[in-house]
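Peer 1: One letter stands for each residue in the lines below.
Number of protein chains: 2
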Amino acid sequence: MNMSRARERLVVIGGDAAGMSAASQARRLKGPDELEIVAFERGHFTSYSACGIPYWVGGDVTDRDRLIARTPEEHRARDIGLRLRTEVTELDLDGQRVRARDVDTGEESWTSYDQLVIATGARPIRPDMPGADAAGVHGVQTLDDGQALLDTLEGTRGRRAVVVGAGYIGVEMAEALINRGYDVTVVNRGSEPMSTLDPDMGCLVHEAMEGLGITMVNDAEVTKILTSEDGRVRAVVTQDREFPADVVVLGIGVRPETALAQAAGLPLGPHGGLLTDRSMRVRGHENIWAGGDCVEVLDLVSGQDRHIPLGTHANKHGQVIGTNIGGGYATFPGVVGTAVSKVCDLEIARTGLREKDAHRVGLRFESVTIESTSRAGYYPNASPMTVKMLAEHRTGRLLGVQIVGREGAGKRVDIAAVALTAGMTAEQMTTLDLGYAPPFSPVWDPVLVAARKAAAKVLGSL
Amino acid sequence: MNMSRARERLVVIGGDAAGMSAASQARRLKGPDELEIVAFERGHFTSYSACGIPYWVGGDVTDRDRLIARTPEEHRARDIGLRLRTEVTELDLDGQRVRARDVDTGEESWTSYDQLVIATGARPIRPDMPGADAAGVHGVQTLDDGQALLDTLEGTRGRRAVVVGAGYIGVEMAEALINRGYDVTVVNRGSEPMSTLDPDMGCLVHEAMEGLGITMVNDAEVTKILTSEDGRVRAVVTQDREFPADVVVLGIGVRPETALAQAAGLPLGPHGGLLTDRSMRVRGHENIWAGGDCVEVLDLVSGQDRHIPLGTHANKHGQVIGTNIGGGYATFPGVVGTAVSKVCDLEIARTGLREKDAHRVGLRFESVTIESTSRAGYYPNASPMTVKMLAEHRTGRLLGVQIVGREGAGKRVDIAAVALTAGMTAEQMTTLDLGYAPPFSPVWDPVLVAARKAAAKVLGSL
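The listed protein sequences derive, respectively, from chains A and B. Anchor point for the first sequence: position 225 equals 225 in the UniProt record's numbering, and the numbering is continuous, going up by one each time. Anchor point for the second sequence: position 22 equals 22 in the UniProt record's numbering, and the numbering is continuous, going up by one each time.
Be aware that a few hints might be false.
Taking lysine to any residue and the SDA-like style, the derived pairs with C-alpha atoms no more than 25 angstroms apart in a straight line are [claimed, not checked]: (1) A/457 / A/359; (2) A/453 / B/78; (3) A/224 / A/255; (4) A/453 / B/31; (5) B/30 / B/9; (6) A/457 / A/200; (7) B/453 / A/77; (8) A/224 / A/150; (9) A/453 / B/327; (10) B/453 / A/422; (11) B/457 / A/28; (12) A/453 / B/328; (13) B/356 / B/456; (14) B/453 / A/29; (15) B/224 / B/126; (16) A/453 / A/362; (17) B/453 / A/328; (18) A/356 / A/423; (19) B/453 / B/395; (20) A/453 / B/29; (21) A/453 / B/334; (22) B/30 / A/449; (23) B/453 / B/368; (24) B/453 / A/68; (25) B/30 / B/287.
Using C-beta positions, here's what the derived DEER-type ranges look like [as the list claims (entries may be wrong)]: (26) A/279 / B/381: 34 to 42 angstroms; (27) A/212 / B/304: 46 to 54 angstroms; (28) A/211 / B/154: 37 to 45 angstroms; (29) A/77 / B/221: 51 to 59 angstroms; (30) A/191 / B/32: 45 to 53 angstroms; (31) A/200 / B/423: 29 to 37 angstroms; (32) B/377 / A/267: 34 to 42 angstroms; (33) B/158 / A/383: 31 to 39 angstroms; (34) B/154 / A/383: 29 to 37 angstroms; (35) A/133 / B/377: 32 to 40 angstroms; (36) A/331 / B/304: 29 to 37 angstroms; (37) A/77 / B/377: 18 to 26 angstroms.
Please keep in mind that the hints were generated in silico from the structure rather than gathered at the bench. Heads up, the beta-carbon is just placed ideally off N, CA and C, and yes, glycines get one too.
The following block holds chain A by itself, in its conformation from the complex:
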């Protein structure tokens, strides 16, 4: 069948979720006689769960290797030519080749490609301030970062931890450090933690975290990090206070790692991520694909490009890319902005637009917030849950949902995520046939209670 076709070479840059999913799926569809696959990874690991690092640091996951979904050896056994500790330093689009450098030896060489997958991920934002590189100051982006932090924790007698940033990484690391027995202070630039929520919902997270014994400091800008004579961190300084610290964790977000792509002239979006079409092909480039934390994705609710670094998207991107390279056809239509997290037993979830997102894209909306419970009120361990829902003014189209509660709160956001994807109105949601039994839900699921209230408000405003 393939007599007339030469063997193609696929080059993958980046050995984590998106890159190796693409490689694996392409391999599933095309054998080594049809497709050679070469993957470059500058670190030591492949296909690991960066999202799992806080739970490893916190002690819930005791073995680092459990975070690795597929080892280099497993990839190689599937005829994927994996080159670890090898960094790609240049893309030559005209020559269809990449230059790679062995991190240990410094040796460089060119590799040509027929198909190229860019999966270079994201890099953590490191604040440009004095002391940011001091010993005891850690990011938690890679397994190496996680190990370094654990080494610091084991080697430090002090129990004062400062977490800079109160987004997903920040709150998860606060939990991890509380679980390790630290006195934890979270220093947060915003008015409330979890800026992916509206402030009224973030306030619930704030209160719950204080209830866990975490010191929350909002509206605080870190200006410098003080070190002691031995070069170790000793305090975090904000515009008006100083917080003694034996260890500092930076969780202030990431940016797409697209320096290579930018140098090669590939199209970048407003957030610095690569722009692709729905098949995850880099716009305007027939044989170049990109996925994972280095791309921007279409927000299906706002119609705008967003940068959402999240393992689940990266895996889907890789699957889509691999299918397309393998001769199938698949698309990634976009996201609705679903995210879920927890800090101890507090569950935090969101999907769609916040109030400020809706304002920004010029949507008028009605907003409602309701209190309900995870189970029938009379059932043991029914726990309170707050659901906020935004629906478009007049049309009633669902725009977003935020949920804060205990067990059973987080994954309830999936109901709204599917409804958003389907373009449902709040009114349509009121009759959704959701699973009901007393151990699982009140007779009106909390999401339905919110939908009823939102639908009524939309109707009342016509």
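Position chain B relative to chain A; hints supplied.
Peer 2: The following block gives chain B in isolation, referenced to the frame of chain A:
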């Protein structure tokens, strides 16, 4: 404003979920000067959770009154003229009136109506066999039934319980009796428990229940119940065996309670339930409404009428009826057949069509079953979960999902329930933006894993 309109009278037959939700919602929209409301209830209670009875019997809920969402006094305080222990014995449609009988005094009287709500519920199927009415043989349809069973349990020294039927009530009562320390045998007519699942999924429930120490007897037809000399139950007899029993619980389903409606010539469907339009108006009758366990509902997946007695539907029906009577406009479009249950820590959920349902309505389909986990595999307490998905042959339209697992399995069915409502295909589901973080889900949610496999099978069969 209402000067020219006479005060109308709404008569409600049945004081549980559908009837009292309708009354309450109508009252919210129309004050007593506009609308008089009279509600007849033949029992002692209003607005209670029949679904909660197994948990009360099992001891999870210690106070019966916690199952009562709203007491008669609370209804009366909202100007709802509630007549307890009063049974409606006749509908006179031409005369627009109902005849009611005081259960205690036997006194009868006629009450005229402008609007009528029929919410007569369902009656348990009592097998027509010797011994079915013996002391120690119990149904669990009403709070009075629950109390009678509890009285029997307290007054009985023996610890052998036989549950007849292995549907929702059967498995929930098996759990309740296990929790009370009984030796429990479940005698089931079907080849596997939970006939609302396909047998291959019911088999998982069977194995798990046996693992809990419950004796499961399938393919067993109860032929009689043996009593001792004092008239108390002593054994349940099937076609080929005899099971000693100190207490017997019947959980063999319910039928719509529509004798009144039938006698009055109102339209009934194939399952004996009242037929309504989407506004819950009885077909062909402008001012008669019906909801809850006495109606049939449209199955949005098969396009057929079904009888699904479930509190969550009853509440929605009541809400819709009350809104319409109150001068608003609301509809109940139908159901997709979602149900969730548990037996100890085993969670069981389903939505949409089983294989035999799809065959019955002449749909060709692809079926897949996958194994996954509730959380990231490396996260503590990640528990196994089996997801079965049916998608229509060629089109790939989602037809149904069944899930059996532990914590986190049950409510995952909501993802599929919303997708079914929206008419999504398995392929569209593969890119759903569901909540992901290691404590909540693997990077590919189990429902997405099933969708991927189903989409691939549909594609492969084109």
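Peer 1: For which of the previously enumerated hints does the structure constitute a violation, in increasing order of number?
Peer 2: none
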